[in-house]
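Asks: Below are the chains, spelled out letter by letter.
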Amino acid sequence: MKGLRVALPGGTLFDNACELLAAAGIARLDPARFDRELSIRSGDDVFVKVRPTDVPVYVEMGGCECGIVGKDVLWESSRECYELADLGFGRCRLVLAAPRDSALAEGVWPQSLRVATKYPVSARRFFAARSLNVVVIRLHGSVELAPLTGLADCVLDITATGRTLAANNLVEIVEAGASTARLIANHAALKTRNEQVGAMAVALRRAAAARLTAGAA
Amino acid sequence: MTGLDALPPGATVRGRADGFNDYLVGPAARRRLLADRFIETFEAWGYGFMVTPLIEPLDTIAAGVGGAQQSALFRFMDSDGALLALVGERTVSVARVVATQLHDGPFPLRLCYAGSVLRNQAPNAGRRRESLQAGCELVGAGGLAADAECIALAAAALERGGVEHIQVDVGHADFIPGLLDSAGLEAAAREEVLAALARRDLVAVEAALEGTDAADAERRLLLAFPTLRGGREILDTAAGGLRGERPHRALQELAQLWDLLDAHAITDRVHLDLGAVRDWDYYTGPTFEVFSVDSGFALGSGGRYDTLLSRFGTPLPATGFVLHVDRCHDSVVRRAGTQTTPVVLHVSWESDAHEEALELARALRHQGVACACDLVAGGDGDVRVTASGARWSDRGQDEQGSVDAAVAALVAGTS
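Sequence lines, in order, name chains A and B.
Position in the first sequence (from 1) plus 80 gives the number in the numbering used here.
In terms of the numbering used here, the second sequence has 169 at position 170, counting the first letter as 1, and numbering is strictly consecutive.
Worth flagging that the hints you see were computed from the coordinates, not collected in a lab.
Cβ coordinates follow ideal geometry from the N, Cα and C atoms, glycine included.
Mixed in with the good hints there might be a few duds.
What the hints assert, rightly or not - Covered by chain B, per the in silico footprint, the following chain A stretches (three or more residues, Cβ under 8 Å): (1) 95-106; (2) 134-146; (3) 268-277.
My request is simple: use the sequences and hints to build the entire structure.
Replies: The structure is reproduced here in structure tokens:
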């Protein structure tokens, strides 16, 4: 086994991840090719496209040496991986949002709160530090509907632009965290394949920094 | 196989708790053999085998390990209401035994053990919740020679067990905390950096250091933490520009340890790893982890824990390590592929030759050949015993002769 196996997240981060790998000189991957093939070899390295929540699983269990994944997924995952670099893209925030006309929106925290979210682990950790009686309701999509239908008082959800929240008459109450894409690595691989993993981290970090400078200019 | 639809709703599937394994004939024997090889090696180095219970009072465990490990224990209540737990590791048990029964020495004490440990992990995570660990503790020896012995012994045991291409990463539990001290960080920033390092989150380490007035040499080392690896030469590189005494002392200890490991002739398998992230509250000196390219997990780990015994009222320096037998087994199987199950000969007999068959079986077993004797007459085994002798086949060739001749041929054939 010469090269590294790298898990890439399907979904919104995917195209950006491929672009950054190309900019870093690691691999030129045509995103469309992954529609036909599950894994693509480039040089000695092998790239697989998996669901974002599965990236830390592949990396922790040693199915892949490295992975690219959003910090929001890492918050929710209890997998032990090394987080090596902030790759800068896929910027979004995990926020608590409530209906515009609610007491919460006025800054009044009720004694008990029903929170709809796709991020139950993060929600429990976020509210653990606050003395509130919180009921976390785990949903798998369209959490904005929960306050509209009376299922929950508020939502803890990811927002990039705030447009979806606004369109559903929700306002941000507080930010729970800011997320970007990260490079993660398997514990043993960091030791046994240190040079290769380190080289990938350095190349991606450099490409991410260059992009950030270019974007700012 | 029954499809899911065919099961009535609420039907009980008599299964096995997730995260626990059955080991069937073959794998179970190989796994046991691997543990035996480890224990044999420990004993060959003068470590006495001992057994500790699977259950300990929660208080005893809590005296030894931190909150994160305690929360991953299977806990339950004794008939008198006392809280008990299934052990998640066995070093604390050995420490308890030393403090209560072996406190008069003679020191150093060399002890080894093997047994199940349990972790109450989330189901369906693909992680083992019960695993077999074999370990050694060297109690009452404070010098680096003791640490070197443990590292060399861990490597020797793994190699004796057939685990190939191992790599030992040696670090020092005081290096990073010492580095944070000498960096002149405020207490809050120091805690933040340590917590981020413990989470193995380099991005957060960087963020925590940003905006602090950490000295340049220390900042450079902290940011490079996963790559602070190599041979003896990295110690000099790392020492450049460091002001504090603590990190320097850790580096000096590692230099001495390296020379001792060289004397043990294992430095070709050793890397020094200054960025090793270990439990800083537990370990007090050199630490190590053993890896193989065949496994995504550490196969073994250990280090010096000079404060643990004092928590049991017996302040004694100690060092030790544990090998994860199941992960080692995975690694060996991955490399060697599926191995054949051990050979068992079948002995059959004609109705008037049961006694002779049992005698032949006894003779075979005496010579170390595993064999099972048929329970009824007339079978078609590897050897068929009659009142006048035996028939067997040797490389496809039918042979016939006395019981003694059969034993000799079968012993030769299976050796």
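Asks: Confirm or reject each hint.
Replies: The hints, checked one at a time:
Coverage of the segment 95-106 of chain A by chain B is violated [criterion: at least 3 residues with CB-CB distance below 8 Å; count 0]. Here's how the segment 134-146 of chain A fares: 5 of its residues keep a CB closer than 8 Å to some CB of chain B, so the rule of at least three is met and the hint holds. Given a C-beta distance limit of less than 8 Å, the hint that chain B covers the segment 268-277 of chain A holds, as 7 residues qualify and 3 suffice.
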